[in-house]
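Engineer: Each chain, written out:
There are 2 protein chains.
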Amino acid sequence: MEDIARQAGVSRSTVSRVINNHPHVSDDVRKRVLETIQSTSFYPNLTARALASQRSSMLGLLLPRNVSSFFADPFFPRLTQGIAQACNQFNNTLGLFLITSAEDEEKIFPRVSRKGMLDGILVQSGQYGDQLIERLMGSEMPLVVIGRPFYKEDVSYIDVDNVNAAYTAVSHLIRLGRRRIATIAGAANSSVSIDRLEGYRLALNEKSLPVDPSLMVEGDFTEVSGYYAMRNLMPAKPDAVFVAADLMAIGAMRAAHEAGLSIPDDIAFIGFDDLPLAAYSTPPLTTVRQPIYQLGFNAVEILLEQIKNGILPARRVILNTELIIRSSCGTTHRKGLNI
Amino acid sequence: MEDIARQAGVSRSTVSRVINNHPHVSDDVRKRVLETIQSTSFYPNLTARALASQRSSMLGLLLPRNVSSFFADPFFPRLTQGIAQACNQFNNTLGLFLITSAEDEEKIFPRVSRKGMLDGILVQSGQYGDQLIERLMGSEMPLVVIGRPFYKEDVSYIDVDNVNAAYTAVSHLIRLGRRRIATIAGAANSSVSIDRLEGYRLALNEKSLPVDPSLMVEGDFTEVSGYYAMRNLMPAKPDAVFVAADLMAIGAMRAAHEAGLSIPDDIAFIGFDDLPLAAYSTPPLTTVRQPIYQLGFNAVEILLEQIKNGILPARRVILNTELIIRSSCGTTHRKGLNI
DNA sequence: GTGAAAGCGCTAACAG
DNA sequence: CTGTTAGCGCTTTCAC
Chain A
146 MEDIARQAGV
156 SRSTVSRVIN
166 NHPHVSDDVR
176 KRVLETIQST
186 SFYPNLTARA
196 LASQRSSMLG
206 LLLPRNVSSF
216 FADPFFPRLT
226 QGIAQACNQF
236 NNTLGLFLIT
246 SAEDEEKIFP
256 RVSRKGMLDG
266 ILVQSGQYGD
276 QLIERLMGSE
286 MPLVVIGRPF
296 YKEDVSYIDV
306 DNVNAAYTAV
316 SHLIRLGRRR
326 IATIAGAANS
336 SVSIDRLEGY
346 RLALNEKSLP
356 VDPSLMVEGD
366 FTEVSGYYAM
376 RNLMPAKPDA
386 VFVAADLMAI
396 GAMRAAHEAG
406 LSIPDDIAFI
416 GFDDLPLAAY
426 STPPLTTVRQ
436 PIYQLGFNAV
446 EILLEQIKNG
456 ILPARRVILN
466 TELIIRSSCG
476 TTHRKGLNI
Chain B
146 MEDIARQAGV
156 SRSTVSRVIN
166 NHPHVSDDVR
176 KRVLETIQST
186 SFYPNLTARA
196 LASQRSSMLG
206 LLLPRNVSSF
216 FADPFFPRLT
226 QGIAQACNQF
236 NNTLGLFLIT
246 SAEDEEKIFP
256 RVSRKGMLDG
266 ILVQSGQYGD
276 QLIERLMGSE
286 MPLVVIGRPF
296 YKEDVSYIDV
306 DNVNAAYTAV
316 SHLIRLGRRR
326 IATIAGAANS
336 SVSIDRLEGY
346 RLALNEKSLP
356 VDPSLMVEGD
366 FTEVSGYYAM
376 RNLMPAKPDA
386 VFVAADLMAI
396 GAMRAAHEAG
406 LSIPDDIAFI
416 GFDDLPLAAY
426 STPPLTTVRQ
436 PIYQLGFNAV
446 EILLEQIKNG
456 ILPARRVILN
466 TELIIRSSCG
476 TTHRKGLNI
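Line by line, the protein sequences give chains A and B. Read in my numbering, the first sequence has 445 at position 300, and its numbers run on one by one without any break. Read in my numbering, the second sequence has 193 at position 48, and its numbers run on one by one without any break.
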């Protein structure tokens, strides 16, 4: 920078102003500086800039997950993409922190919670009992939670409307004439699972259908868990299943096929996510599309805005979902009523 | 740091020495400093340290991928995990850079290729024609490529032995009596696909079996592409298929089932990856297990070593794979020879 | 509109 | 073994 200041015949301050697009620089000087920057292929040292300006232009993404679920569920890669693209678009760098153990957390926490390395934090909503988010709130770092946190006083977060999504899906099954509607939920300690289960209950209650525990089983978002969950469900003879993830739905349909059930005649399925897979399963899966990429992208936007304007007031953003109707849920049930 | 130096009654240099575990500090002074650090819950500003020491302790992971493949293939999350855990273990921070367009690359390249923000770079081997790795080699940054690069002069890289893995898998099918062995390869412009295809050819050649183009089709690593690839393969009536990815193998088996073929009696399958899914497919999938997590973890180790000791000589590390035999490939073919 | 000067918070010779 | 003194490469008042 010294060099390019000399070459352009100005001071370092002026070069700095040009680089940072400050006003109050005469056009010709700006042009001259820009040219020498071009010719020198100079690029500012980001560390030095961060130290001087107290802004690193780096955002941290914390993923407090057990090892398996991180790579079982396509949700994370997709979310990460949205975040990464947003970071790039707004000229920020993304730091990735996978927290898979308590030791990880102890190592990572001080690194991310003090001013210095990061301007702000995105954290995936953890499991019930997880204290990470509260600890993070205790620090002065701007924070946006992805997914509804359990203790949500004064945190900004972004989530999809899981309750309503599940409600809509199950209501659809009811409308088609299904009456023994089961659900394969996700892990009970995540807010996602809780909310989807809540939507399931709401829809049943609304139509005065019983909420039967023998029709409710739990998986862990993997294909395999869906397969076994479905086998456990068999004795209860459901005529439809609302599954909290496409991957589990695929596994569940595999179990149904093996048992000789015909889909959707004997049993209907609705998944959640709308993975690319869903359109090509046998039969194609009716599912709830959630804007995962948008979730990540918007989270970055919110975080950046809070970094700029202060962390209060906490913002809450809920994105809508969409029911994508394919053939796994059938049309009106064969025994069914007209709509 | 100023404060804690004063509180401990020493100079800042001494505090620095203690923090960085330098020798030549008396035990009692060290202890005193450590105590005040504890009580103050002081944590050094990493940006300042990076600027002063010219080492950021931050590694960059560059993923030059088209959008879809990044989240279709569980390979990436798993790899990322290995890398993230290694970074954490060695007290480094991981920066994630997804490159999904030429503009992305132009924005990201200067950020990562100059000293300042990163100490070193991990880059996923790109596609044929991709110039990113060469550009990166032109910079002075330590670099480790994950996967065999196309132009491999003087780059350090780490890869699994894809040629040998495919050779072993196909040889196994031959040994079981299969004679019309097809393959569903990955995208032709990736080194992974090329190497696996090479191993396929080697095995056939060794036993003087013809390499029949009608038995060779291409997918893109997704389940769906495997499904359609298998349908394209049907007319050629293969009695076995070596599939370059488990996900595609699952899709291919789905197509085979739909066509009324029995696995492994009519047709055998071998996949690649050994995803958790593979053990639970119908039938359980014989597949090549590759140490993806290790790949990532070791890549970090190599990079860190090069950062410490200089980037020359380039290191090449090839990890071994393992054929996991399940029932999708059958035992000796029903028409078969004894082994 | 531009330059001079003072840091940002830490590390690293260099003395002692 | 410890303190003093310069910086690392940039941003940012504050004068002019």
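These are calculated hints, taken from the structure and not from any lab test. Predicted, not measured: the structure shown is a model, and the values here were computed from it. Treat the hints with care, as some may be off.
Since copy identity is lost for identical chains, a pair holds within one copy or between any two.
What the hints assert, rightly or not - Cut-off 30 Å, straight-line C-alpha distance, at most; resulting in silico cross-link-like pairs (BS3-like, lysine-lysine): (1) K252 <-> K176; (2) K176 <-> K260; (3) K252 <-> K453; (4) K252 <-> K297; (5) K176 <-> K297.
Engineer: Evaluate K252 and K176 at a C-alpha cut-off of 30 Å and name the case that applies: within, between, both or neither.
Structural biologist: between (46 Å within a copy, 21 Å between copies)
Engineer: Is it within, between, both or neither when you check K252 against K453 at 30 Å Cα-Cα?
Structural biologist: both (28 Å within a copy, 22 Å between copies)
Engineer: Is it within, between, both or neither when you check K252 against K297 at 30 Å Cα-Cα?
Structural biologist: Result: close within a single copy only, 25 Å intra versus 36 Å inter.
Engineer: Is the C-alpha distance from K176 to K297 at most 30 Å within one copy, between copies, in both cases, or in neither?
Structural biologist: The answer is neither: 50 Å in one copy and 41 Å across copies each exceed 30 Å.
Engineer: Between the shortest in-copy and the shortest cross-copy C-alpha distance, which are at most 30 Å for K176 and K260: within, between, both, or neither?
Structural biologist: Between copies only: 26 Å across chains, 35 Å inside a chain, cut-off 30 Å.
Of the numbered hints stated above, the single one contradicted by the structure is hint 5.
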